[in-house]
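One-letter residues, chain by chain:
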Amino acid sequence: MFLKILFVLLLGAGVAYYEVPKLLQQQLKRELIVFGCFLLIGVALALATVLNLPVPNPTDAVEYIFRPVVRMLYPG
Amino acid sequence: MGIEKGKISRWQAILLVSNSILASMVLITPALLTKEAGQDAWLSVLIAGILGYLIGLFVVSLGLRFPEKNLVEYSIDLLGPWFGRAVCIIFALFFLHINAYLVRAFSVLLITETMPETPLSVLNIFLVILVAYGVYLGLEVFSRVNEIIFPLFMLAGLIIFALAAPEMDFEQLKPYFTHSFSGILWGSLILASFYAEGSFLLMLIPSLRNPKDARKIVLPVSLILLVVISIDVVGLISLFGAQETSRMLFPTFELAKTVHLGAFVERIESLVVGLWVSSVSLKIMAFYYVSVLILAEVFKLKDYRPLVLPYAFVLVVLSVIGWEDTNHVRFYLSRYYPLVAVTVMTGTTLFLYIASSFRRNDKKGGETQ
Numbered sequence: 001m002f003l004k005i006l007f008v009l010l011l012g013a014g015v016a017y018y019e020v021p022k023l024l025q026q027q028l029k030r031e032l033i034v035f036g037c038f039l040l041i042g043v044a045l046a047l048a049t050v051l052n053l054p055v056p057n058p059t060d061a062v063e064y065i066f067r068p069v070v071r072m073l074y075p076g
Numbered sequence: 001m002g003i004e005k006g007k008i009s010r011w012q013a014i015l016l017v018s019n020s021i022l023a024s025m026v027l028i029t030p031a032l033l034t035k036e037a038g039q040d041a042w043l044s045v046l047i048a049g050i051l052g053y054l055i056g057l058f059v060v061s062l063g064l065r066f067p068e069k070n071l072v073e074y075s076i077d078l079l080g081p082w083f084g085r086a087v088c089i090i091f092a093l094f095f096l097h098i099n100a101y102l103v104r105a106f107s108v109l110l111i112t113e114t115m116p117e118t119p120l121s122v123l124n125i126f127l128v129i130l131v132a133y134g135v136y137l138g139l140e141v142f143s144r145v146n147e148i149i150f151p152l153f154m155l156a157g158l159i160i161f162a163l164a165a166p167e168m169d170f171e172q173l174k175p176y177f178t179h180s181f182s183g184i185l186w187g188s189l190i191l192a193s194f195y196a197e198g199s200f201l202l203m204l205i206p207s208l209r210n211p212k213d214a215r216k217i218v219l220p221v222s223l224i225l226l227v228v229i230s231i232d233v234v235g236l237i238s239l240f241g242a243q244e245t246s247r248m249l250f251p252t253f254e255l256a257k258t259v260h261l262g263a264f265v266e267r268i269e270s271l272v273v274g275l276w277v278s279s280v281s282l283k284i285m286a287f288y289y290v291s292v293l294i295l296a297e298v299f300k301l302k303d304y305r306p307l308v309l310p311y312a313f314v315l316v317v318l319s320v321i322g323w324e325d326t327n328h329v330r331f332y333l334s335r336y337y338p339l340v341a342v343t344v345m346t347g348t349t350l351f352l353y354i355a356s357s358f359r360r361n362d363k364k365g366g367e368t369q
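Protein sequences, first through last, are from chains W and F. According to the working numbering, the first sequence is numbered sequentially starting from 1. According to the working numbering, the second sequence is numbered sequentially starting from 1.
Same shape as in the complex, but just chain W:
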């Protein structure tokens, strides 16, 4: 468990270390902000998965939305 958390954090730090200096050098503020938000979302999702916390699952959402139609087409 601990190793997995460390792995995720290291990967996240590695990605930031790779991208941020390039963006800072080119003075791309907008890119930096969007990149930061995406990386936060990504690392947070990965950490939640590693820690077995509930993660919003798009498949469930899709199945919830389309269930009535599928029930209609496939009774039972």
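Hints are computed from structural coordinates only; laboratory data are not their basis. Ideal placement from N, C-alpha and C gives every residue a C-beta, glycine not left out. Some hints here could point you the wrong way.
Derived SDA-like pairs (lysine to any residue); straight-line CA-CA distance at most 20 angstroms [unchecked claim]: (1) 300/F / 74/W; (2) 29/W / 302/F; (3) 35/F / 17/W.
From the structure, some residues in chain F lie toward chain W, with a derived Cβ separation under 10 angstroms [as the list claims (entries may be wrong)]: (4) 100; (5) 186; (6) 313; (7) 322; (8) 323; (9) 330; (10) 332.
Across the chosen pairs, the derived CB separations fall in these ranges [as the list claims (entries may be wrong)]: (11) 116/F / 33/W: 38 to 48 angstroms; (12) 33/W / 354/F: 32 to 42 angstroms; (13) 27/W / 5/F: 13 to 23 angstroms; (14) 126/F / 71/W: 21 to 31 angstroms.
Given the coordinates of chain W, work out where chain F should sit on it, guided by the hints.
Using the frame of chain W, we list chain F on its own:
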């Protein structure tokens, strides 16, 4: 002008779109089709071929109304900054979800067939690293790689089917038309949903060397797909029978296992796995690229590359947690996915098409000619 400066030729686009539809279709759909339509699955294939051709023409005719602009630019023009972006984000998220099931299908194949001891997440992480690298290099690079890989993939498939042909029994295709028409239609809807994935071409039209060529892409792509998937389905049914095929997870792979020539050419399924892995990673690259490009355009970035690596995290997580087990993936693909794909893809395309028709009558409409 969009973000992408690279250009691809018409031939590269044909191969890229064909590969992006075929890679998963060839392996996954025969089992789903024969479950719905039994030995009449070839009829589903024909119906889906026509449907797919129409979807393709429709998608391209939307794209060609704005040959110099990509999806995000003209949906913002048509629907306004907020609503246009929302539609594009739906598109991007949809491709994210497709990618998640593709990554999952990849690791399911490897785990069930070749590496049963390896954990799912490890395979997913390695595939996504490979794919992210490809996307980082850009559109031109992976279209060129695809130009080499896709013909090899087709050649290997051809050889395998030719070697398996002596054992096929075409009587298994009889009796004709015994399954309900609704089953056959549902089968063709499953297949059409894979065709609908081809609408990622909307983002590539401005990157074509000559955008007007887009219309000439549709027919070759539909023909390639129709020929390959018909050979696949007919071959599988006549080798295993419809019942047996529908119970398999990856029937095309099982077919490769049965091939033997003399006493020494055997177990060539590892060749299939190798080529399929490269082909499916190219497919994921294409969708990954399109999805990241849409997001970058939506947020008005100058480059899509900063988003590539964070997106990889989300992709790995979704591919691991998205489905409980292999059965769930299969159930999702046969029941929900066709509806979702057809609704989202044709729905948004239709919506934009109608909006652009209204716009055309305005005074601004003259520019779009």
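These are the hints, each one checked on the structure:
1. A threshold of 20 angstroms between alpha carbons decides the hint, and for residue 300/F with residue 74/W the separation of about 43 angstroms lies outside it, so the pair is violated.
2. This hinted pair checks out: residue 29/W and residue 302/F have alpha carbons roughly 11 angstroms apart, not beyond 20 angstroms.
3. For a cut-off of 20 angstroms, the pair hint linking residue 35/F to residue 17/W is broken: about 50 angstroms separates their Cα positions.
4. For residue 100/F, the interface hint holds, the least distance from its beta-carbon to any beta-carbon of chain W being 8 angstroms, beneath 10 angstroms.
5. Given hint, residue 186/F at the interface with chain W, holds; its Cβ is 7 angstroms from that chain's nearest Cβ, closer than 10 angstroms.
6. With a least beta-carbon distance of about 3 angstroms to chain W, the hint placing residue 313/F at the interface is held under the 10 angstroms criterion.
7. Satisfaction of the interface hint for residue 322/F is found here, the shortest Cβ-Cβ separation to chain W being roughly 5 angstroms, below the 10 angstroms cut-off.
8. Annotation: residue 323/F was flagged as interfacial toward chain W, and the flag holds, the nearest CB pair being 6 angstroms apart, inside 10 angstroms.
9. For residue 330/F, the interface hint is violated, the least distance from its beta-carbon to any beta-carbon of chain W being 13 angstroms, above 10 angstroms.
10. A cut of 10 angstroms between beta carbons decides the hint on residue 332/F: the least distance to chain W is about 6 angstroms, and the hint holds.
11. Range check, residue 116/F to residue 33/W: about 44 angstroms between beta-carbon atoms, so the 38 to 48 angstroms window is met.
12. Judged by the Cβ atoms, the range 32 to 42 angstroms given for residue 33/W and residue 354/F holds: they are separated by roughly 35 angstroms.
13. In this structure the supplied range 13 to 23 angstroms holds for residue 27/W paired with residue 5/F, their Cβ-Cβ distance being about 20 angstroms.
14. Look at residue 126/F against residue 71/W: about 38 angstroms separates their beta carbons, and that is not inside 21 to 31 angstroms.
Hint violations for this structure: numbers 1, 3, 9, 14, all remaining hints satisfied.
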